[in-house]
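Sequences listed follow chains A and B, in order. So for the first sequence, the UniProt record's numbering puts the first residue at 1; every next one is plus one. So for the second sequence, the UniProt record's numbering puts the first residue at 1; every next one is plus one.
Among the clues, some could well be false.
Facing chain B, according to a computed beta carbon distance under 10 Å, are these residues of chain A, among others [what the hints assert, rightly or not]:
| hint | residue |
| --- | --- |
| 1 | Pro149 |
| 2 | Gly235 |
| 3 | Ala239 |
| 4 | Lys249 |
| 5 | Lys256 |
Listing some non-contacts, in silico: residues in chain B with all C-beta distances to chain A over 10 Å [what the hints assert, rightly or not]:
| hint | residue |
| --- | --- |
| 6 | Ala66 |
| 7 | Arg95 |
| 8 | Ala116 |
| 9 | Ile140 |
| 10 | Arg196 |
| 11 | Gly199 |
| 12 | Glu260 |
| 13 | Arg261 |
| 14 | Ser318 |
| 15 | Glu342 |
| 16 | Asp349 |
| 17 | Pro368 |
| 18 | Ser375 |
| 19 | Ile377 |
| 20 | Ser383 |
| 21 | Thr422 |
Covered by chain B, per the in silico footprint, the following chain A stretches (three or more residues, Cβ under 8 Å) [said to hold, decoys possible]:
| hint | stretch |
| --- | --- |
| 22 | 42-54 |
| 23 | 118-129 |
| 24 | 142-148 |
Calculated directly from the structure, the hints in this document are not laboratory data. Note that the Cβ used here is the ideal one computed from N, Cα and C, for glycine as well.
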Amino acid sequence: MIKRFSALSPSWLFAAPALLVYAVVVLYPSVAGVLYAFTDWSGIGEGMSFVGAANFRAILNDEQAMGSLGNTLLLTLAIVVVQNGLGLLLALGVHAKLRSRALLRVIFFAPVVVSPVMVAFLWKYVYNPDPSAGLNGLLGLEVDWLGDPSVALWSIAGMVVWQYAGYSMVIFLAGLEGIPAELHEAAMIDGAGTLQRFRYVTWPLLAPALTINLMLSTIGGLKLFDQVFAATNGGPGYATETLSTVLYKQAFVFGKFGYSTAIALVLALFVAAVSLVQIYYLRSREVAQ
Amino acid sequence: MTDLQRARMSRGQFFRMMGGLAVAAAATACSTRPQTTTPTSGGTGAAAAVDLKFVGVADQKAPMDALLAAYQKVKPGVRLTASYAPTDQVQTSLRTQLGAGNAPDLHVVYPGNGSAMSMSQIAGAGLLADLSAQSWTGTIPTGFKPALQMDGKTMMYSAGSSVIGAIYNKKVFEKAGVEAPPTTWTEFLALCDKLRKAGVTPIALGAQTPWVTQLITYALVPSTVYAKDPAFDDKQLAGQTSFAQSGWRQAMEMYLELSERGFFNDKPNGTTFEQQISMVATGRAAMAVQVSAVLPDFRKSASSPDDLSMFPVPGADSADQVWIPAGVVVGLGAAAKGRNVEEAKAFIDFLGRQESINSWAKTISAIPLTQDAGSTIDPAVESFLPFTKDRAVPFMDQRWPNAEVQPVHFAVVQELLAGKATIDEALKKMDEAYQK
Numbered sequence: 001m002i003k004r005f006s007a008l009s010p011s012w013l014f015a016a017p018a019l020l021v022y023a024v025v026v027l028y029p030s031v032a033g034v035l036y037a038f039t040d041w042s043g044i045g046e047g048m049s050f051v052g053a054a055n056f057r058a059i060l061n062d063e064q065a066m067g068s069l070g071n072t073l074l075l076t077l078a079i080v081v082v083q084n085g086l087g088l089l090l091a092l093g094v095h096a097k098l099r100s101r102a103l104l105r106v107i108f109f110a111p112v113v114v115s116p117v118m119v120a121f122l123w124k125y126v127y128n129p130d131p132s133a134g135l136n137g138l139l140g141l142e143v144d145w146l147g148d149p150s151v152a153l154w155s156i157a158g159m160v161v162w163q164y165a166g167y168s169m170v171i172f173l174a175g176l177e178g179i180p181a182e183l184h185e186a187a188m189i190d191g192a193g194t195l196q197r198f199r200y201v202t203w204p205l206l207a208p209a210l211t212i213n214l215m216l217s218t219i220g221g222l223k224l225f226d227q228v229f230a231a232t233n234g235g236p237g238y239a240t241e242t243l244s245t246v247l248y249k250q251a252f253v254f255g256k257f258g259y260s261t262a263i264a265l266v267l268a269l270f271v272a273a274v275s276l277v278q279i280y281y282l283r284s285r286e287v288a289q
Numbered sequence: 001m002t003d004l005q006r007a008r009m010s011r012g013q014f015f016r017m018m019g020g021l022a023v024a025a026a027a028t029a030c031s032t033r034p035q036t037t038t039p040t041s042g043g044t045g046a047a048a049a050v051d052l053k054f055v056g057v058a059d060q061k062a063p064m065d066a067l068l069a070a071y072q073k074v075k076p077g078v079r080l081t082a083s084y085a086p087t088d089q090v091q092t093s094l095r096t097q098l099g100a101g102n103a104p105d106l107h108v109v110y111p112g113n114g115s116a117m118s119m120s121q122i123a124g125a126g127l128l129a130d131l132s133a134q135s136w137t138g139t140i141p142t143g144f145k146p147a148l149q150m151d152g153k154t155m156m157y158s159a160g161s162s163v164i165g166a167i168y169n170k171k172v173f174e175k176a177g178v179e180a181p182p183t184t185w186t187e188f189l190a191l192c193d194k195l196r197k198a199g200v201t202p203i204a205l206g207a208q209t210p211w212v213t214q215l216i217t218y219a220l221v222p223s224t225v226y227a228k229d230p231a232f233d234d235k236q237l238a239g240q241t242s243f244a245q246s247g248w249r250q251a252m253e254m255y256l257e258l259s260e261r262g263f264f265n266d267k268p269n270g271t272t273f274e275q276q277i278s279m280v281a282t283g284r285a286a287m288a289v290q291v292s293a294v295l296p297d298f299r300k301s302a303s304s305p306d307d308l309s310m311f312p313v314p315g316a317d318s319a320d321q322v323w324i325p326a327g328v329v330v331g332l333g334a335a336a337k338g339r340n341v342e343e344a345k346a347f348i349d350f351l352g353r354q355e356s357i358n359s360w361a362k363t364i365s366a367i368p369l370t371q372d373a374g375s376t377i378d379p380a381v382e383s384f385l386p387f388t389k390d391r392a393v394p395f396m397d398q399r400w401p402n403a404e405v406q407p408v409h410f411a412v413v414q415e416l417l418a419g420k421a422t423i424d425e426a427l428k429k430m431d432e433a434y435q436k
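Just chain B, with the same shape it has in the complex:
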């Protein structure tokens, strides 16, 4: 018998040993930091009085990095740890945290309704803190209120709006002899034809990435639906109209016309968003219908950022009937049941200052929520500004009543492009999802 086998342990020793192991395990677990964390500097090394956590999507990292550094100077006693992940992952982990009651103090929120992480869904569950007492909320433009407010209370912050249009390669346009962007649908088709004859793919489409599928219909529907009936959303909510009975059908037909006339790259359903960026940035394709918030991604891939610009996609044959989609960009909210609600709200108040709004909007090429002399508009989106006053509508999903319509829209567009569904079937599926 070995010494180890002869060794005896009393019940008390056993419990003490297990207790010690448990404490050690707990201490180890508590000391683990998430790998994606980007802690801000702790100033002079003094312990922070308050620790805040923010979980956001990857698109928010660039604007937040700059503002976190600025906030550190304003409030050195607050340490804000931020982590970012792709939208799908954030949606999974954040909803789990929200469900379990341990959400971070601050987290990403999508404007309006229509997504599982949207303001209406989360605020409706009582999980977002009311920001209405903050001064910046008093200056929210009327058109943006439905996206940021519920029952008259401001529940989330956003730095401004982005637009959907055609991001194009100026050098490719020049080489093909295109002098000015089109202003009507007929001109747009003629442009695509000219580019194709010049040996370049007119429109890069990365429809394997689900959210990219929706952008062409979103670019066209303001002209085919809302220009004719600005109250379409209200009527659809009241059950007085539907996708199938509206200009959505025309928008789908226009989408398919682009496909049938060979204006997209080969095999769009097998092409990703990243490949789409590369095609336009390197000049293999002339343009891509995209949201302005990803303009920095296109610029990073281009040999010169100045090679790229944007124009509104004209969805009508009369220039004065062309409307554009302009939606509130993804923002953030404070957890209503967080441990540091007041400090979290104070950070959002800091973000609501005009200089913070300007900083955030500039980083993602957005149009600032409110503007002053220090506000800058990315030259690439200047051609959209004449529309923003009275010919712009929020992104369609922001007013859809549930989170099912948008994924169905993604799927039916992929089916249409693959020739596996008709427009009637596609719109019927969307109407069925809307009714749920």
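In isolation and in its complexed conformation, chain A is listed as follows:
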């Protein structure tokens, strides 16, 4: 009797609604997406046929998709390096015994809670090409931030870093708060200066926070969509196209839903592979230290 009703045990029953929702909202669309990647479905209507691996082969010959892969990797690299570097500096700053540190923490974290699309619209004003307006007016420059193909990608990276540096800061801050004060005191007694204490005490013990930050910012960079879509829509030309904007356009602008899901599948696998490598490398570094 006990075995017969084990599937209806209270623990399963309580989990059942959540599992059902997860299956309907996450699992079913994911599996369906994988299947659509092997079809030529337009996204509307019932007509579709199985095309085997043709969509995946087409990605390799798609100049726009391959170009967007390069843009995505450059954006991700810039975001990961600058966002985490800035986040670490901010964390060290607000970890110090400043009277206004609570206020500064709130101010630096505030952009994180704003919608990415709103941030993009806000930065379109900041990036006004008029020499007397926005960032140009402030710095006395004449840069076409979003209209010059050689600058636009870095302008997007700038707005993403502005928004998420506070997020990295919070994670680094949690790591800093967890470092026992005794270790710093011992290092000071041994004659270590500020830089030496950072190098030999703080930095090694921040390894778990660094792992999380690098992984989250890498994933965020690789699937970046909202800010690009709202600020430049991939332009000028194809200068800021990312894999996410390309797959969106393939599905909803060009009506190639099957091909779009093939790109999405490749992107998902790529993000998973990069994340696994990162975790493996960074965790082994944590253990080594």
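With the hints as your guide, set chain B onto chain A.
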């Protein structure tokens, strides 16, 4: 142990509780209304017999608001809830709804082909109801039939056509000593030169907004391509010609000439449509090549609506070789698989009445699909009327075979303006997209 921990629940109680929660959640979900919804009045408060939903683009709100109120009086038993969003958002959400089989009863449709939400693409998937039995469809002018019909059946409604030309600030022209709009390309260049010497930006270009990039080529191509070969579209479809082998090259060269001679505002790729409007409306720029449907937006931003007017952009050096683009404006269709197809079609039939056509066309400064004594033509577009009979062609994308050519056109124009591509490369990309 607390009372809560001691409390036991039978399996039956658990299922009843979960069932109750599910019902409550469903009731809550069903009671949620979209924020963008603009429901029409329910008359005296009596429950409507039929609920219809319409999803459109923002440009359709003004004409639809007036016609929804009128329809409420004609059919008080029908409540039509309309919501509007920018084109990109509508394209995303509507295509998803169409794909999932839960499209609204009525929705925006773009004329002809060449867009993922165009009549040919949606009707081709069997998702638009046939409107051919409605009387207004019998009066559709021959030139507009390819945009509204597929296989001889009318699949969408549109109130008329709009034109592409130069929206200009009359005060700026007067101040610069310009007496009359140009009628040839040479005169147009001379005008731009005169305006620039007068210290004003001749042409405002908001090329950061993708769809704005196409308008100058669209304004020129009728003269450089179709005036010489009215059957160009058919030949291109048959593979007998291409963008690279046609007057598209000349149009691109003319576009770049305007850029190279400094007739555009500084950094057009970083300038948006909204900034373009502001520049012309406030007199910082003299004109903008635009579609007449956005004339109301320019007027709203100007100190006086009378400051603005339009003229055809002359794309040839002989006035009689100047042709213009005149395309069917964005319209709507009825979902073939909707729950209230007949009521949805009845609303479109109402829109097909001459007074409805006049009302819609007047609101967006369009030329009405059909005209009677009550039809009005916006004075700003009157200079286009002599062309509409035999020297006008539909917007080019409406006859392109797929939805990829238009976005490629946007992108290559941005690349040309940035000096990152040559005309040969741009036309090659467009030809490649056309072949897909």
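Hints, verified against the model:
1. Interface restraint check for proline 149 of chain A: the shortest CB-CB distance to chain B comes to about 5 Å, inside 10 Å, so the restraint holds.
2. This hint holds: glycine 235 of chain A has a C-beta 5 Å from the nearest C-beta of chain B, less than the 10 Å allowed.
3. Among the interface hints, the one on alanine 239 of chain A holds; its C-beta lies about 8 Å from the nearest C-beta in chain B, closer than the 10 Å criterion.
4. The beta carbon of lysine 249 of chain A comes within 7 Å of a beta carbon in chain B, closer than 10 Å, and the hint placing it at the interface holds.
5. Because the closest C-beta pair between lysine 256 of chain A and chain B is about 9 Å apart, less than 10 Å, the hint holds.
6. The beta carbon of alanine 66 of chain B sits about 30 Å from the closest Cβ of chain A, which is more than 10 Å, so the claim that it is off the interface holds.
7. Not every C-beta of chain A lies more than 10 Å from that of arginine 95 of chain B, the closest at about 5 Å, which undercuts listing it as non-interface.
8. Residue placement check: alanine 116 of chain B does not keep its beta carbon more than 10 Å from all beta carbons of chain A (closest about 4 Å).
9. Interface exclusion of isoleucine 140 of chain B from chain A stands, the closest Cβ pair being 25 Å apart, more than 10 Å.
10. Against chain A, the non-interface label of arginine 196 of chain B holds: every CB pair exceeds 10 Å, the least being about 18 Å.
11. With a cut of 10 Å on Cβ distances, glycine 199 of chain B stays outside the contact zone with chain A, its closest approach being about 17 Å.
12. For glutamate 260 of chain B, the condition that its CB be more than 10 Å from all CB atoms of chain A holds, with the nearest at approximately 17 Å.
13. For arginine 261 of chain B, the requirement that its beta carbon stay farther than 10 Å from each beta carbon of chain A is met, with the minimum near 19 Å.
14. The claim that serine 318 of chain B lies off the interface holds: its Cβ sits roughly 34 Å from the closest Cβ of chain A, which is beyond the 10 Å cut-off.
15. With a closest Cβ-Cβ approach of about 22 Å to chain A, glutamate 342 of chain B is found to remain outside the 10 Å limit, as its non-interface label requires.
16. For aspartate 349 of chain B, the condition that its CB be more than 10 Å from all CB atoms of chain A holds, with the nearest at approximately 25 Å.
17. In this structure proline 368 of chain B is separated from chain A by more than 10 Å, as the shortest Cβ-Cβ distance comes to about 31 Å.
18. Residue placement check: serine 375 of chain B keeps its beta carbon more than 10 Å from all beta carbons of chain A (closest about 35 Å).
19. Residue placement check: isoleucine 377 of chain B keeps its beta carbon more than 10 Å from all beta carbons of chain A (closest about 34 Å).
20. The beta carbon of serine 383 of chain B sits about 32 Å from the closest Cβ of chain A, which is more than 10 Å, so the claim that it is off the interface holds.
21. Listed as outside the interface, threonine 422 of chain B is consistent with that label: its C-beta sits roughly 13 Å from the nearest C-beta of chain A, beyond the 10 Å cut-off.
22. With 6 residues having a beta carbon nearer than 8 Å to a beta carbon of chain B, the stretch 42-54 of chain A meets the requirement of three or more and the stated coverage holds.
23. Remark: the stretch 118-129 of chain A is confirmed as covered by chain B, as 4 of its residues place a Cβ nearer than 8 Å to a Cβ of that chain, reaching the required three.
24. Given as covered by chain B, the stretch 142-148 of chain A passes the check, having 5 residues with a CB less than 8 Å from a CB of that chain where 3 are the minimum.
Against the hints set out earlier in the document, violations occur for numbers 7 and 8.
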